[in-house]
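First to last, the sequence lines map onto chains A and B.
In this note's numbering, each residue carries its 1-based index in the first sequence increased by 8.
In this note's numbering, each residue carries its 1-based index in the second sequence increased by 22.
No lab work stands behind these hints: they were computed from the structure.
A virtual CB, placed ideally from N, CA and C, is assigned to each residue, including glycine.
Some hints here could point you the wrong way.
[As the list claims (entries may be wrong)] Label-pair distances were calculated between CB atoms; the ranges are: (1) A:D59 / B:P77: 55 to 65 Å; (2) A:P67 / B:P348: 42 to 52 Å; (3) A:R69 / B:P77: 31 to 41 Å; (4) A:M37 / B:T48: 24 to 34 Å; (5) A:A71 / B:P103: 43 to 53 Å; (6) B:G308 / A:L77: 45 to 55 Å; (7) A:M37 / B:D197: 21 to 31 Å; (8) B:L30 / A:D59: 31 to 41 Å.
[What the hints assert, rightly or not] Derived SDA-like pairs: lysine to any residue, alpha-carbon spacing no greater than 20 Å straight-line: (9) B:K234 / A:A71; (10) B:K234 / B:D322; (11) B:K234 / A:A56.
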Amino acid sequence: MKETQEKTSKPADPLEPFRAMRDAYLDAMAKTVVEAVNTEGYAQATGALLDGYLTASGPWREAVEKSMLQALQQFSLPSRQEVAALAERFTNMEMRLDDMDAKLDVIHRLLHPDGTAANSEADERTEPHTSPTRTAGARATAPGNRRTAGRRFVRRGKGPTQR
Amino acid sequence: MESSVVALDTHLDFARRLRTFTHVLTTKAPIAQTPKELIWALNKAKLYRYTPVVPVEKRYPVPLLLVFAIMNRPSILDLRPGHSFVEFMLGRGYDVYLLDWGVPGYEDRHLQLDDYALEYLPRAIRKVKAASGSQAFSMLGWCIGAILTTIYAAMRSNDGLRNLLLLTAPLDFSDRNSITFARWTDERYFNVDSILSAFGNMPGELIDRGAKALKPVENYITNYCKLWDNLDDPQTLEAWHAMNTWVTDNIPMAGGAYRQLIVELYRNNRLMKNELVVRGERADLGKIRANLLTVIAADDHITPPCQSETILSKVASRDKELYRIPGGHIGMMAGSAAPRTTWPHINAWLSARSQ
Chain A
9 MKETQEKTSK PADPLEPFRA MRDAYLDAMA KTVVEAVNTE GYAQATGALL DGYLTASGPW
69 REAVEKSMLQ ALQQFSLPSR QEVAALAERF TNMEMRLDDM DAKLDVIHRL LHPDGTAANS
129 EADERTEPHT SPTRTAGARA TAPGNRRTAG RRFVRRGKGP TQR
Chain B
23 MESSVVALDT HLDFARRLRT FTHVLTTKAP IAQTPKELIW ALNKAKLYRY TPVVPVEKRY
83 PVPLLLVFAI MNRPSILDLR PGHSFVEFML GRGYDVYLLD WGVPGYEDRH LQLDDYALEY
143 LPRAIRKVKA ASGSQAFSML GWCIGAILTT IYAAMRSNDG LRNLLLLTAP LDFSDRNSIT
203 FARWTDERYF NVDSILSAFG NMPGELIDRG AKALKPVENY ITNYCKLWDN LDDPQTLEAW
263 HAMNTWVTDN IPMAGGAYRQ LIVELYRNNR LMKNELVVRG ERADLGKIRA NLLTVIAADD
323 HITPPCQSET ILSKVASRDK ELYRIPGGHI GMMAGSAAPR TTWPHINAWL SARSQ
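Extracted from the complex, chain B is given alone in its bound form:
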C-alpha cells in the first residue's frame, strides 16, 4: 500500500515537473522591463533613454550609450528585474541610453557596417547629446556592437567620446587556429555570396545554429538537463526562462554587414591591420584616444580572448585597461555572477571617468 502511494507521488511529481519544463520551453519570460522612452528612430533603429532613478544632482553628467550586436536583441542588457545591467547602472546614477538596431528586413539587405557605424550611430549620438545636454559621452559596445563602436571611435575621434567600453570585442582575427568561426567561414568551405543571394540577409536561425554548433552538447543537451535538475528552484528557473527567451529570439543580420564581417574581418583582419576602408576613409585604430576598458571573458568560445586583447596596443588612449573575468560570451554580463563581478568593475571604472 505504502509503496503504491510513493509510486503515485513520484508519478505526480514527474508530471508536475514535465508541465513546468514544457511551460518554460514554450513561453516567453517578461524581459526588458526597465521603463524607457523612445527618443529617436531611423529605419529599424531606435534609441531609448531609460528613465533615471537618481536625482539629477546625484547623477553623473556624462551619459552612457549602450550598443549591442546587430544580430541579437539588446534586451540581454536589461534581462529581468533584479538582474539587469541597465537597472544596475541607473541605480548608480548614470543617464543610460540604448541603441536598438531593430530587425532588418529584405529592404535592408544592403546595409553595411559603414552604415551602422557612420550613418546610424553618429545620428543616435547626436540625440544622446541633445537629450542629456552633455557633449561628452561614454559608449559601451558588446560583441559586434564593439566592432561598430570601435570603427566609430577610430573615425570620429573628436566627437566627444570620453570613455569606450568594449565587451568581448571580436576585433583581431589573426590567430585563426583559435577562432572556430574563422575556420568555418574560410573561403575554401564557406560561400558567403551564395547564402546572401539566396536569402538577402543572413537568417537569424542560421546564425543561431552556428553559435550553438560551437558547443553542441552544452547547447542542445546539457542546458536542458540543467533546467530539468533545477525545476524546483524558482530563482534558477526564472533565470533560465529569461535567458532562453532572449536566446530563442533570433534576428537576421543585414546581408551587406554580414558579408563585410566575413570577408573584411574574419578572412582579412582589415580592422586590426588598419586597412578597413569605411565610406572611402581608412579606419585607423591609432586615432582612438578615448579612455578604454576592454572586458574579456576567459571562457568565451564565440569571441576567444585573443580577439580582444591586442586592441590595447593599437590605440592612442593613455588611459586603458584590460579586465579579464571567468565566464562565457554572454554569461560574463548576464550570468548569475555578473552583478558581483563584471557590473561593479564597469561601474568603478566608469564612475571615475564620468565626472
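Chain A with its partners taken away, still in its complex shape:
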C-alpha cells in the first residue's frame, strides 16, 4: 500500500513514454554495432587510423622531445631518460634490499627453528579489528625495511555513498 502511494506520488518523467522505444532501439543498435566491430574491416580501419595518427604526430613529437632536451640541458636539468635511468637504479637497490630482507628471514628461521621468528610478523593476526577507523600502528622502522613499516591505510571520508 505504502509502495503504491510512493509510486503514485513520484513526479512525472517526461521521458517515460519514450523509454521502451529507446531501449528497443538501443538493443537493436547494440547488436548491429557489435557485429560491425567484430569484422576484419573494422580491425583494418582502426589499425589504419592509429597508424595514421602515430605517423602524423611522430615528427611533432620528436621535435618537442628534441627542443625539450635542449632546454633541459640549457638549464642544467636532467632529461627524462636520465631520470628514468635513476628510477631504474632505485628499483634495483630496492630489490637488493628485498633480497637482504629475505636472507634475514632465513637467518631468523635458523635461529628460531620453533617458528617464533617466522611468526613475528603474524602477531597482529591475534587481534581482529573492531573499529573500521583503526589508527596507524607505530612499529619501529629500519631504513629500507618495508616489513616493519607498519603503515595503515584507512580512509575515513564520509562520502555520500558510505554506509
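Got chain A; can you put chain B on it based on the hints?
Relative to the frame of chain A, chain B by itself:
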C-alpha cells in the same frame, strides 16, 4: 493554474535529476574502504594485508593472495562497503592480502610479464608467508592477473601454492574468431611497436577505449541511460557511482608486458602451447598441481569463455573445477548478483581447501 504547477514541478524535478546526474559523473565515490596495512613494497608494487575481522582461532590458516590485472586498479575487489569481495572473504575468516601493481611510469616501460610473474610476485608471496606464518597459500588471479598467477604456478610449482583461483582468465588464444581483441591486434592491422615507441607504455586511455569499443552502444549510451533512469534509486545510484569511479580510473600498462601480451599470447598463443619462455625457462602448464578453480563469465566479451576453459585439460592438478556463471567480465565479481552467486561459490570451494 494547475497545469502550470505541474509544469514547474516537472521542470524542477528535471533540474534536480540533471544535478544528480552531473554530480555522479564528475565526482569520485569512496571506494576501497576496507582497512588494510601496507606490508611490502617494491618499485610501484604494494602488498596490503587486510585487517582481519575474525578471531585467529576461527580463521583459516591458509592465507589468500589477490592478484588483479596490471592495467586496472585492484580496488574493484573492494569496491564499496557492503559490496566488497574482500570484506566478504574477511568476514568468512580468510587472511586476505592484495598485491597492487601500481601505476607504471616511463621508467617501467621495459617491465615484462617475466618481471611481474617471477620477480615481483615471488617476493610478495614471501611476505605473505612471513606475515601469515603459513607456508601454504591460496592465490586468486583475475584477468591479466590470472595470466601472471598461471605463469607463476607453472614455474614455481613447489612454492607452497595450494589453491589457484582463476577468474575470467585469458589463457587460450587459439579460437581467434571468437576473440575480438585477437582480431584487432592482428599483425596485419596493429603495429604494437609503433605505439610503444611513441608512448613507452600502453596508455590507459587507449586500453580503456579498446575495451569500451567492444560494446560501444552499451558503454557510451545505454550505460548513461541506465543512470538517468535510476537517479531516484539510491542503491543503484551508489553502485553506479562506485563502478564508474573504478572504470574511469585508467592506468597504463608497462610497454614490455603489453608487447608480450600481444605478440606472445594474442598472436602466438605460446602459454597454452607450453612454448612461452620466461626468464629462459619454459612455462609448462603441466607442472601446475595446485587445486584449481576456473571461474568463467558466460557473457564475457573481453575474455570469451573459450579462453578460460581449456586450461583444465592442460594442468596436472587432480582437484580442478570449472564454474560458469552468467555475467560479464567485471560484473560476475562486482555486479549486484555477485554476493549471491560468485562469492559464495568461491568461499565454498576455498573453505574446503584452506584447512
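>> Taking the Cβ atom of A71 (chain A) and the Cβ atom of P103 (chain B), is their distance within the range 43 to 53 Å?
In response: Given range 43 to 53 Å: holds, Cβ gap about 50 Å.
> Straight-line Cα separation of K234 (chain B) and A71 (chain A) no greater than 20 Å?
Replying inline: This hinted pair is violated, its Cα atoms lying about 32 Å apart.
> Does D322 (chain B) lie within 20 Å of K234 (chain B) when you go C-alpha to C-alpha?
Replying inline: holds, 13 Å
> Between L30 (chain B) and D59 (chain A), does the C-beta distance stay in 31 to 41 Å?
Replying inline: Hint violated: Cβ distance 55 Å, outside 31 to 41 Å.
> Honestly, do M37 (chain A) and D197 (chain B) meet the 21 to 31 Å range at C-beta?
Replying inline: For M37 (chain A) and D197 (chain B) the Cβ distance comes to about 27 Å; the hint holds.
>> If I claimed the Cβ atoms of D59 (chain A) and P77 (chain B) lie 55 to 65 Å apart, would that claim hold in this structure?
In response: holds, 60 Å
>> Against the range 42 to 52 Å, how does the distance between the Cβ atoms of P67 (chain A) and P348 (chain B) compare: consistent or not?
In response: holds, 50 Å
> Is 31 to 41 Å a correct range for the gap between the Cβ atoms of R69 (chain A) and P77 (chain B)?
Replying inline: The hinted range 31 to 41 Å is violated for R69 (chain A) and P77 (chain B), with Cβ atoms some 58 Å apart.
> For the pair supplied as a hint, K234 (chain B) and A56 (chain A), is the alpha-carbon distance within the 20 Å limit?
Replying inline: Holds: K234 (chain B) and A56 (chain A) sit about 19 Å apart, inside 20 Å.
> Between M37 (chain A) and T48 (chain B), is the Cβ distance one that fits in 24 to 34 Å?
Replying inline: holds, 27 Å
>> Tell me if the beta carbons of G308 (chain B) and L77 (chain A) are separated by a distance inside 45 to 55 Å.
In response: Holds, at about 50 Å.
In this structure, the earlier hints numbered 3, 8, 9 are contradicted, and the remaining ones agree with it.
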